[in-house]
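Here the sequence shown is numbered in the numbering used here, starting from 370 and rising by one per residue.
Treat each hint with caution, since some may be false.
Here are the simulated lysine-lysine pairs, DSSO-like style, with alpha carbons at most 30 Å apart [stated by the list, open to error]:
{"#": "1", "residue 1": "K465", "residue 2": "K421"}
{"#": "2", "residue 1": "K465", "residue 2": "K508"}
{"#": "3", "residue 1": "K474", "residue 2": "K421"}
{"#": "4", "residue 1": "K508", "residue 2": "K542"}
{"#": "5", "residue 1": "K500", "residue 2": "K465"}
{"#": "6", "residue 1": "K474", "residue 2": "K500"}
{"#": "7", "residue 1": "K435", "residue 2": "K474"}
{"#": "8", "residue 1": "K421", "residue 2": "K401"}
{"#": "9", "residue 1": "K542", "residue 2": "K500"}
{"#": "10", "residue 1": "K435", "residue 2": "K401"}
{"#": "11", "residue 1": "K497", "residue 2": "K542"}
{"#": "12", "residue 1": "K435", "residue 2": "K421"}
{"#": "13", "residue 1": "K508", "residue 2": "K497"}
{"#": "14", "residue 1": "K371", "residue 2": "K421"}
{"#": "15", "residue 1": "K497", "residue 2": "K465"}
{"#": "16", "residue 1": "K497", "residue 2": "K421"}
{"#": "17", "residue 1": "K435", "residue 2": "K465"}
{"#": "18", "residue 1": "K435", "residue 2": "K371"}
{"#": "19", "residue 1": "K542", "residue 2": "K474"}
{"#": "20", "residue 1": "K435", "residue 2": "K508"}
{"#": "21", "residue 1": "K371", "residue 2": "K401"}
Please keep in mind that the hints were generated in silico from the structure rather than gathered at the bench.
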Amino acid sequence: MKMENYFHIIRVSRELEDFQRALDITQIAMRKFPENEALWACHAENLRSVGKLRESRSLFERYLTKQPRNLGVWLDVMDNSRNLSEWQAIVEAGDKMETAVALNKTARQSIVYARCIAAKGNAHMHLKEFKQARSCFEKALLNMPMDRPILNSHMNACRELHDFQAVRRDQVKLTDFDRGI
Numbered sequence: 370m371k372m373e374n375y376f377h378i379i380r381v382s383r384e385l386e387d388f389q390r391a392l393d394i395t396q397i398a399m400r401k402f403p404e405n406e407a408l409w410a411c412h413a414e415n416l417r418s419v420g421k422l423r424e425s426r427s428l429f430e431r432y433l434t435k436q437p438r439n440l441g442v443w444l445d446v447m448d449n450s451r452n453l454s455e456w457q458a459i460v461e462a463g464d465k466m467e468t469a470v471a472l473n474k475t476a477r478q479s480i481v482y483a484r485c486i487a488a489k490g491n492a493h494m495h496l497k498e499f500k501q502a503r504s505c506f507e508k509a510l511l512n513m514p515m516d517r518p519i520l521n522s523h524m525n526a527c528r529e530l531h532d533f534q535a536v537r538r539d540q541v542k543l544t545d546f547d548r549g550i
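Produce the entire structure from the sequences given, and follow the hints as far as they go.
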């Protein structure tokens, strides 16, 4: 069978929410096409869908050794770590991601980059590292200035740091956002 046929069956299985079948088909395809990196990522997504988060994260991390600037995969690694409540792993992944894209201005201006940085900020919040969290949220807000979840997280970090002027500024932004201004 051709690679495209495997991907079609996997896609249809996912649409039908038959994640175990999608996982089984991916494993068969990986035996036939072991060097296909797209299959690695697909297999990692299927593992996550059936609740095998550690295996999924491991595959995503393996994929990142070949594609370290792939922000979507960094976000997948962070999502798996969040689902496992491994906050320090998210911070470490965020640090590695920032190093990987340090010289790529386009990547640093993307929405996916902002989501990764916000995930790192949320991990810092769970670790009670509020200054680092605020710094992450401020970086994320540069790319997404009116993102409600990031604004709320920034406001919470500022509240923990007793920076009530920043809290008030965020409240005004949220009010303006709600009014459609």
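Against the structure, the hints:
no. : hint        : result
1   : K465 - K421 : 23 Å, holds
2   : K465 - K508 : 16 Å, holds
3   : K474 - K421 : 34 Å, violated
4   : K508 - K542 : 17 Å, holds
5   : K500 - K465 : 19 Å, holds
6   : K474 - K500 : 25 Å, holds
7   : K435 - K474 : 20 Å, holds
8   : K421 - K401 : 22 Å, holds
9   : K542 - K500 : 21 Å, holds
10  : K435 - K401 : 20 Å, holds
11  : K497 - K542 : 25 Å, holds
12  : K435 - K421 : 22 Å, holds
13  : K508 - K497 : 19 Å, holds
14  : K371 - K421 : 27 Å, holds
15  : K497 - K465 : 21 Å, holds
16  : K497 - K421 : 28 Å, holds
17  : K435 - K465 : 14 Å, holds
18  : K435 - K371 : 24 Å, holds
19  : K542 - K474 : 27 Å, holds
20  : K435 - K508 : 27 Å, holds
21  : K371 - K401 : 10 Å, holds
In the structure shown, a violation is registered for the earlier hint numbered 3 alone.
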